[in-house]
Every structure is written in structure tokens, then in C-alpha cells.
Amino acid sequence: MEADKTLNTLLVTLFRDIMNIEQDALISGEFVDITMNDMHVIEAIGCSEPSPSSVVAKKLSVTMGTLTKSVDRLTRTGYVLRERSDEDKRLVLLSLTERGEKAYMHHQHFHEEMIKAAMGQFNQQEAGILIHSLEGLVNYFNSHKRK
Numbered sequence: 001m002e003a004d005k006t007l008n009t010l011l012v013t014l015f016r017d018i019m020n021i022e023q024d025a026l027i028s029g030e031f032v033d034i035t036m037n038d039m040h041v042i043e044a045i046g047c048s049e050p051s052p053s054s055v056v057a058k059k060l061s062v063t064m065g066t067l068t069k070s071v072d073r074l075t076r077t078g079y080v081l082r083e084r085s086d087e088d089k090r091l092v093l094l095s096l097t098e099r100g101e102k103a104y105m106h107h108q109h110f111h112e113e114m115i116k117a118a119m120g121q122f123n124q125q126e127a128g129i130l131i132h133s134l135e136g137l138v139n140y141f142n143s144h145k146r147k
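Position one of the sequence shown corresponds to residue 1 (my numbering), numbered consecutively onward.
Think of the hints as simulated: they come from the structure by calculation, not from any bench.
Hints are not guaranteed to be accurate.
Derived CB-CB ranges, DEER-like [claimed, not checked]:
(1) 66 with 2: 36 to 42 Å
(2) 119 with 91: 38 to 44 Å
(3) 64 with 118: 30 to 36 Å
(4) 144 with 17: 20 to 26 Å
(5) 16 with 144: 28 to 34 Å
(6) 82 with 35: 16 to 22 Å
(7) 125 with 65: 33 to 39 Å
Derived pair list, reagent style EDC-like, types lysine to aspartate or glutamate, alpha-carbon separation capped at 16 Å [claimed, not checked]:
(8) 116 with 126
(9) 102 with 4
(10) 102 with 43
(11) 102 with 30
(12) 58 with 43
(13) 59 with 43
(14) 116 with 22
Note that the Cβ used here is the ideal one computed from N, Cα and C, for glycine as well.
Could you build all of it, start to finish, from the sequences and the hints given here?
Quick look at the structure:
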């Protein structure tokens, strides 16, 4: 039972700390006009071809209404472009502006540095064990998601 309490404390602390550190690192400088949720919308849209809003909403596990509110704000602040598809006018396509791509790269760089720092303390075998263990946790949590 003591190990269960310790693991619970570690997971809760880790989740909270990652969220706080990410907030402090990303929502700063030229990106103070958006929220972490906005940053995650930018990440879900990505820098490739325009994405249908329904695909972005599914990636984020949010409703279309929730996504629309975020996209409205990101469009007003110059991070996201919203366009109708030429082939199917019912489809709303989302893409990043140059400013949105800059925010996307800022977010990617943060995660790359975080992983580099975290993994730097493990040898190859330990890293493999950690990855295997975290995959097990992800699978468990995914099996308990609301559908």
C-alpha cells in the first residue's frame, strides 16, 4: 500500500509540475496573449496541410463548440486561419499563420528540451524500462477515457 501512495503522489506531482512549468515556459514573451489550451490547439492544427476542424476537435477530445471558441480567439490574435474547403463548402479548414507556426515551434522546442533533460539522467536500459512503464500507464488511462 505504501508503494501505491508513493506512486499516486509522484503521478499527481509530475502532472501538476509539467503543467506549471509548461505554462511558465510557453505563455511568455510574445505569446502572453494566448492560453495553454490555445497552445494545444495550435499544436493539434500543426504546420502541415490545413486540417478540418472536426479532425482537430477529435485530436483534442473536445466538442466542436469548444474548439470554435478557441479558434475564434486564435483567429482574432493572428495565430490561426479559418477557411472553407473549395471541394466541400461544409468543411472548415484550419491552418497556422506565420505567427501560429512560430508558437508551434516554440512549443515543440520546449518539449524537445524537456525530454532531453529528463532522459539525460538514464542509461539506455533504464530509458527502455521507463518508456515501457509509461506506455503501460498510457494504455491504462486510454482504456478509461470517456468515449
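Here's how the hints hold up against the structure:
1. 66 with 2: 36 to 42 Å: Roughly 40 Å apart at Cβ, these two residues keep to the hinted range, so it holds.
2. 119 with 91: 38 to 44 Å: holds, 40 Å
3. 64 with 118: 30 to 36 Å: holds, 35 Å
4. 144 with 17: 20 to 26 Å: For residue 144 and residue 17 the Cβ distance comes to about 22 Å; the hint holds.
5. 16 with 144: 28 to 34 Å: violated, 20 Å
6. 82 with 35: 16 to 22 Å: holds, 18 Å
7. 125 with 65: 33 to 39 Å: Since the Cβ atoms of residue 125 and residue 65 sit about 47 Å apart, the hinted range of 33 to 39 Å is violated.
8. 116 with 126: The given pair, whose Cα atoms are some 14 Å apart, holds under the 16 Å limit.
9. 102 with 4: violated, 41 Å
10. 102 with 43: It holds: about 11 Å lies between the C-alpha atoms, which stays within 16 Å.
11. 102 with 30: Given that 16 Å is the threshold and the Cα spacing comes to 10 Å, the pair holds.
12. 58 with 43: holds, 13 Å
13. 59 with 43: With Cα atoms ~10 Å apart, residue 59 and residue 43 stay inside 16 Å; holds.
14. 116 with 22: holds, 15 Å
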